[in-house]
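Given the coordinates of chain A, work out where chain B should sit on it, guided by the hints.
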Amino acid sequence: MNIEDVFSSRLRMKILKILMQVGELNVSEIARRLGVNYKTTNKHLEVFEDEGMVKHKVFGRIRLYRLNESSPKVKAVENLIEVWEHANKQIDN
Amino acid sequence: MSYRSIFKDETKLDINYVPYRLPHRDRELRLLMEFFSFLLRAPEKMTQRVMITGDVGTGKTALSQRFGANITSEANKRGTNLRYIHINCREYRGSLFLILHHIVSIFHPNFPRRGYSAEELLGILLQVLDEQRAHIILTLDEFESLVNREGSEAVYKLTRLQEIRLNKPQRISLICILRSLKVIEQLDASARSTLQSNIIHLDTYYRQQLMDILNNRVSLAFKPLTVPEDTVSLTAELAFSEGGNARFGIELLWRAGKYADAEDLDTVTPECVRKAASSIYAVMRKSDVALLRLHEKLFLLAIARFFKESEKAYASLTEAEQDYAVVCEEFDVQPHSHTQLWKYLHTLSAIGILKTEVSATGSRGRSTLISLPRIPAYELEKELSILLRKEKLGRL
Numbered sequence: 001m002n003i004e005d006v007f008s009s010r011l012r013m014k015i016l017k018i019l020m021q022v023g024e025l026n027v028s029e030i031a032r033r034l035g036v037n038y039k040t041t042n043k044h045l046e047v048f049e050d051e052g053m054v055k056h057k058v059f060g061r062i063r064l065y066r067l068n069e070s071s072p073k074v075k076a077v078e079n080l081i082e083v084w085e086h087a088n089k090q091i092d093n
Numbered sequence: 001m002s003y004r005s006i007f008k009d010e011t012k013l014d015i016n017y018v019p020y021r022l023p024h025r026d027r028e029l030r031l032l033m034e035f036f037s038f039l040l041r042a043p044e045k046m047t048q049r050v051m052i053t054g055d056v057g058t059g060k061t062a063l064s065q066r067f068g069a070n071i072t073s074e075a076n077k078r079g080t081n082l083r084y085i086h087i088n089c090r091e092y093r094g095s096l097f098l099i100l101h102h103i104v105s106i107f108h109p110n111f112p113r114r115g116y117s118a119e120e121l122l123g124i125l126l127q128v129l130d131e132q133r134a135h136i137i138l139t140l141d142e143f144e145s146l147v148n149r150e151g152s153e154a155v156y157k158l159t160r161l162q163e164i165r166l167n168k169p170q171r172i173s174l175i176c177i178l179r180s181l182k183v184i185e186q187l188d189a190s191a192r193s194t195l196q197s198n199i200i201h202l203d204t205y206y207r208q209q210l211m212d213i214l215n216n217r218v219s220l221a222f223k224p225l226t227v228p229e230d231t232v233s234l235t236a237e238l239a240f241s242e243g244g245n246a247r248f249g250i251e252l253l254w255r256a257g258k259y260a261d262a263e264d265l266d267t268v269t270p271e272c273v274r275k276a277a278s279s280i281y282a283v284m285r286k287s288d289v290a291l292l293r294l295h296e297k298l299f300l301l302a303i304a305r306f307f308k309e310s311e312k313a314y315a316s317l318t319e320a321e322q323d324y325a326v327v328c329e330e331f332d333v334q335p336h337s338h339t340q341l342w343k344y345l346h347t348l349s350a351i352g353i354l355k356t357e358v359s360a361t362g363s364r365g366r367s368t369l370i371s372l373p374r375i376p377a378y379e380l381e382k383e384l385s386i387l388l389r390k391e392k393l394g395r396l
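Chains A and B, in that order, give the protein sequences. For the first sequence, the working numbering begins at 1 and goes up steadily by one. For the second sequence, the working numbering begins at 1 and goes up steadily by one.
Source of the hints: derived by calculation from the structure; they are not laboratory data.
Straight-line alpha carbon distances no greater than 30 angstroms define the calculated BS3-like cross-link-like pairs of lysine-lysine that follow:
#1 A:Lys-57 <-> B:Lys-168
#2 A:Lys-14 <-> A:Lys-57
#3 B:Lys-168 <-> A:Lys-55
#4 B:Lys-382 <-> B:Lys-258
#5 A:Lys-57 <-> B:Lys-157
#6 A:Lys-57 <-> B:Lys-45
#7 A:Lys-17 <-> A:Lys-57
Bound-form chain A, shown alone:
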């Protein structure tokens, strides 16, 4: 996946932000928080998983997704979001 494939999708960025904030969530809950349907959310998560950016654990019928902290791409995105939001706060103040 090219970098523009992540940054050009609002939804993908939002999924990464949510997982960064919350830590771990199931697909339905991510979809609910984003106001989109299950299928779309699942599709994006699968793409991220293929990239090694997220991983999931299965508990019966429940799948809990979290960021793969050991992925350098995740570290880079996390760093970018942090710096970006910090800068936004400083502008607001």
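What follows is chain B alone, placed relative to chain A:
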């Protein structure tokens, strides 16, 4: 404006505070440690089930939580991933599903609330514990609530879960806290048999034991020399009359401290305890006082004045008699005899306005001690003065 308080640390009187030392529960604490000592040696080999019974305020919750803190700290030192989880079943409406969901949420905070049964959730919990190589001591406080809602099935599931995972490490030990074993009788024989092996019953506290508990909390929560012995003694007396309820006594102590602070006092007086008690109990029933006979009222007025003017928690019958003579003079009536007063004392005690006890401390035999545990002396004096003035006017 400067604010001064007689409290050193009022959180030490909070219902959720678990003291490091539990007076008069050392034996039970050691027993719990014995029951669960395997968790320090071979945690994967077995699990344990213990029931703790006892009336309200006998220290069931505090005992269990103290034990939990002690054993987890010891286990963690030895490299065992042991967690103590204390759940009040009533908070979860006695639902096994909600209780299990809460436990899973400790490990996975955003675990979804829907989409599976309690049984599946139990399996998920074991999976989580296996993954983390963790062991838990699960304390189900107010266990009655779970039994009443879920019956034998839930208890059976909780106690027999290891049987469906043969040759796998054992993970969940149980402590069930309940008032009496009566509720267990509702369960079917197989569920009952899994529970009733280890029972620790906590007897209600004696007055002296309550004194020790309260003194212990006083030293933790109040500044030095701000709570006189008489205040502790009266609080213990009240807690004792509430069925040996230590929790009640501790709460009363906190309230009394608040009254002392509100009035900017240097010490928590017995009167503060009486005020605190009257805010907890039903307020004094004015009709009870109004129905008393003239000399009963006069005698009670004398006692109320004694407590209002002194900072003592107890009055001797002799002291009450002396003040009664003064009151009779004030109201222009002839005092009744000692024997009559003795009878009045019994009446007032039976109604619940006063409390009497026999002291054997004097070298010259026993004397009767009177206390006014529930009603603030100033309120009682005010009420009686109004009634007696009306009666005096009626006589003129």
